[in-house]
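Participant: If you want the building blocks of each chain, they are given just below.
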Amino acid sequence: MRKGIKRRLILLFVYASIVECILMIAIIISLWISLKSLSQSYNSNLRLKEFYEQSKILHDDLNNYIQLKSYENINKYLKDKAELERLCLDLNRRPSGNPLLLNEYSVYKFTETFMNYADIAVFQRRAGENALAIENFHQADKAFSFLKGFVEKLNRIYFSDNIQHFANVRKLSMNMSIYGGIMAFVVSGLAIVILSLFVSAVIHPLTEISESANQIAEQNFNIPLFTYNKKDEIGNICRAFNKMIISIREYIDTIWEKAIQENEMREKEMKMNELYQEAKLDALQSQINPHFLFNTLNTGAQLAMMEGSDRTCDFLEKVADFYRYNLQFSEHGSVLRDEIKMLDSYIYIMKVRFGDHFNFSKEINTVNLDISIPGMILQPLVENCIKHGFQNMPRGGEILLKVEDEDGFVVISVSDNGCGFPENKRNEILSGKSDKKSDDMKKNDSGTGVGLVNVINRLKIFFKTDNVFDIGESISGGTSFTIRIKN
Amino acid sequence: MTFFAFRIYRLSVNTENDSKFYDYRILVCGAEKHDEFMADFYSGAKFVATAYNGITEYIDIDHSYEEFSLEKCLDYARFSDADGLIIFSDDESFFAKKIQNVHGKEIPVVVAGECKDEGHQVSRIEVDRNELEKLVAEKIKKGGWKKTAAFVRQPENHASLVTKIIPGIEKKLEGLQKIQMFSIAAEEMADDDIRSVLMALAKDNSAGLILCFSEEDADLTVQTIIEQNLTDKFSVMGFFKSSKNVEFLKKGIISAIIYMDPWEVGAAGVSELFAWKKNGFTNGCRLITPKIIEGGAE
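So the sequences go chain by chain: G and U. Using the numbering used here, the letters of the first sequence map in sequence onto residues 1 to 487. Using the numbering used here, the letters of the second sequence map in sequence onto residues 488 to 785.
Read the hints as simulated data drawn from the structure, not as lab findings. Accuracy of the hints is not assured; some may be wrong.
Derived DSSO-like pairs: lysine-lysine, alpha-carbon spacing no greater than 30 Å straight-line [claimed, not checked]:
1) U/LYS584 / G/LYS153
2) G/LYS425 / G/LYS486
3) G/LYS243 / G/LYS230
4) G/LYS81 / U/LYS633
Here are a few chain G residues that face chain U, going by a calculated C-beta distance under 10 Å [stated by the list, open to error]:
5) MET24
6) ILE27
7) SER30
8) PRO95
9) TYR105
10) LYS109
11) GLU112
12) TYR117
13) ALA143
14) PHE146
So these bits of chain G aren't anywhere near chain U, every CB distance computed over 10 Å [stated by the list, open to error]:
15) ILE120
16) MET183
17) ASN295
18) MET305
19) ARG353
20) LYS402
21) GLY420
22) ASN424
Model, not experiment: these values are computed from the prediction. Think of the CB as a built atom: it goes at the ideal place given N, C-alpha and C, for glycine as much as any other residue.
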């Protein structure tokens with residue numbers, strides 16, 4: 001059965017009120033009895049006095065009748081005798097161990113004897129037996145003298161008893177007042193204690209709820225759940241609070257997950273921006289030389305043409321084309337066709353530089369050479385082949401550029417027959433875990449200054465996928481760089 | 488009735504009193520001068536009366552503002568319609584008249600002690616004189632006193648009783664001694680008489696025993712012996728167990744107290760009374776064996 005706080009409070013109040021009422025009623029009844037008893041304290045003396053007065057009247061009636069036989073006297077005698085008999089009914093009629101009752105019994109017996117002798121005397125007087133009447137009158141008189149003495153004695157006993165009774169009742173009344181006060185105090189104290197305990201029991205979970213709310217307000221959600229399971233208002237609040245805490249925790253977990261994801265995204269973006277800035281810086285830095293060199297080279301080419309040196313003129317023009325492309329497309333995207341064209345210029349320049357040190361060939365088997373591609377992608381791959389693949393090969397180096405369609409992809413591969421690519425370095429570059437090493441590699445790079453890592457990252461960013469570049473082993477045992485672009 | 492019921496309630500609250508109701512009320516009375524004796528006498532009567540579902544009431548005549556008399560006790564019993572009366576009397580001239588209540592019903596009277604034989608008491612409780620004489624004689628023999636004297640106060644109620652006992656004691660002494668009897672005339676002159684008797688007896692320097700048949704005689708005799716420095720010449724034998732006598736017994740001035748146990752007397756009185764109520768007759772007399780307290784032990 002569900003007992004709400006309101007109901008329990010009402011019950012507590014009702015119980016306390018009932019106990020107080022019972023106590024008050026008990027005190028009132030006790031006081032009423034005491035007062036009644038006090039008021040009757042000396043009633044027995046009054047009654048006895050009345051009794052004695054009546055017996056005295058009867059004695060006088062008897063005396064009057066013995067002296068003067070008249071109807072009036074006999075009527076009065078009979079009437080007063082009836083009254084005395086009525087009063088006798090209040091007296092004890094059996095021997096008792098109690099002195100008071102025993103004396104009452106004696107008074108009763110003396111009265112009875114007195115009335116009997118009186119009746120005999122009256123009867124004899126009526127019958128005219130005056131001598132016998134006087135004799136019995138004397139007997140009645142004797143009995144009356146005993147009666148008188150015993151009434152006085154009984155009166156003293158009554159008085160003594162009443163004094164004692166009065167003192168007892170007064171003492172009892174005082175005790176009742178004291179005990180009543182003590183009881184009222186105890187009951188009130190008990191009610192206060194029970195109420196305090198009850199209120200404490202109610203307030204305790206509320207205090208815990210308040211403390212928990214403060215903890216939550218201070219963003220501390222690692223607080224224990226409430227174990228108060230009673231089906232009352234506080235229990236409802238506790239359960240609701242527990243639900244709230246659980247919901248908040250779940251919400252916070254969700255927020256945390258989102259934050260982690262966003263953070264990861266932000267880190268990725270920052271990393272990409274960093275790479276972009278680095279590339280941009282590199283590009284800007286490289287733009288200084290290309291512009292100057294571009295102009296210088298054009299001037300050189302014109303001078304060589306004027307002097308009739310066609311080969312130098314071609315060389316300078318190729319160099320100029322290379323740097324022009326570098327200047328135009330290193331920052332923005334290019335197309336595969338232009339990239340291959342730029343690579344031709346570069347190969348020409350390298351051929352002039354290295355002569356027959358290596359051989360370059362192309363296999364273009366695709367129809368879509370206009371596919372978008374970041375600028376300056378192929379050149380670093382070829383440069384890597386020349387600088388690293390053929391570093392221990394003075395002659396006979398072969399570089400193959402292959403472009404073909406494969407399952408909806410345009411696959412571009414640059415392969416050599418050089419010394420191959422170390423596996424650990426390959427893994428580091430592809431996983432992107434060795435940015436520092438990649439940076440070192442970049443620093444060690446000569447030429448355009450754009451390293452493999454740069455190429456890979458730009459490809460990933462450009463095509464928004466990690467599966468765009470791979471480093472493998474060529475058929476001839478050298479290195480094969482593969483770029484897969486969705487067609 | 489309410490008044491009576493309320494009073495009963497009040498009495499029932501008072502646990503000190505016996506609020507039980509009884510079938511019989513037995514009156515007990517006796518000479519006021521024997522307070523200690525009467526207290527025990529009443530106690531014995533009360534004890535036995537309870538067994539018959541009776542209550543005893545000690546008659547206190549004081550309330551009538553008149554002189555106490557055994558005759559008045561009889562009237563008291565008659566007018567209060569008692570179920571019986573037990574009287575302790577040390578007056579052998581007391582005549583227990585027949586008493587009836589107002590309806591003519593006889594109220595039985597038992598007399599303990601002395602009274603006229605021709606009285607209307609239904610029974611009489613008295614000491615076994617033979618045993619008493621034997622005890623006194625044995626004590627005299629054992630004590631080795633050369634002479635024995637007895638005081639007989641005149642006029643005294645029990646004078647004739649004493650004069651009856653003395654020959655019996657002498658008989659039981661088997662001629663060993665003759666007990667000298669001295670009359671003490673007037674109460675005011677009693678101490679003078681006792682002094683002169685003792686001084687006369689002391690002349691032959693032999694140790695003697697004085698028999699004192701009343702408490703007053705024993706008291707006066709002991710006082711005289713002490714005053715006259717005759718403690719090494721006389722010893723007293725008392726016939727009443729009072730606290731004073733017991734004190735003198737302890738001091739060695741009284742050599743022995745021979746007495747009737749008052750409790751036993753009271754108890755016997757009630758037994759006789761109820762025997763009469765039950766059977767309509769009794770043996771007319773019941774003897775109580777006397778007891779003795781000798782010097783040095785109570």
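Participant: Is the hinted pair G/LYS425 and G/LYS486 satisfied, with a Cα-Cα distance of at most 30 Å?
Facilitator: Judged against 30 Å, a Cα distance of about 27 Å means the pair holds.
Participant: Under 10 Å is the threshold here; is the Cβ of G/PRO95 close enough to any Cβ of chain U for the hint to stand?
Facilitator: 4 Å, holds
Participant: Do the numbers back the hint for G/ALA143, that is, is its least Cβ distance to chain U under 10 Å?
Facilitator: 5 Å, holds
Participant: Test the statement that G/ARG353 is away from the interface with chain U: the closest C-beta pair must be farther apart than 10 Å.
Facilitator: 141 Å, holds
Participant: Just to be careful: measuring from the Cβ of G/MET24 to every Cβ in chain U, is the smallest value less than 10 Å?
Facilitator: The hint is violated - G/MET24 has no Cβ within 10 Å of chain U, the shortest such distance being about 25 Å.
Participant: Grab the minimum beta-carbon distance between G/MET183 and chain U and tell me whether it stays above 10 Å.
Facilitator: Since the minimum Cβ distance to chain U is about 22 Å, G/MET183 lies beyond 10 Å and the statement holds.
Participant: Quickly compare the C-alpha distance for G/LYS243 and G/LYS230 to 30 Å and report which way the hint goes.
Facilitator: 16 Å, holds
Participant: Verify this label for me: G/ASN424 is non-interface relative to chain U, using a Cβ-Cβ cutoff of 10 Å.
Facilitator: 115 Å, holds
Participant: Once the shortest beta carbon distance from G/TYR117 to chain U is found, is it less than 10 Å?
Facilitator: Given a least distance of 6 Å, the restraint on G/TYR117 holds.
Participant: If I take the minimum Cβ distance from G/GLY420 to any residue of chain U, is it greater than 10 Å?
Facilitator: Since the minimum Cβ distance to chain U is about 127 Å, G/GLY420 lies beyond 10 Å and the statement holds.
Participant: Would the hint on G/SER30 be counted as holding, given a Cβ-Cβ threshold of 10 Å to chain U?
Facilitator: For G/SER30, the interface hint is violated, since the closest Cβ of chain U sits about 14 Å away, which is over 10 Å.
Participant: Please settle this one: G/MET305 was flagged as non-interface, so is its CB more than 10 Å from every CB on chain U?
Facilitator: 153 Å, holds
Checked against the numbered hints given earlier, this structure breaks hints 4, 5, 6, 7, 15; the rest are met.
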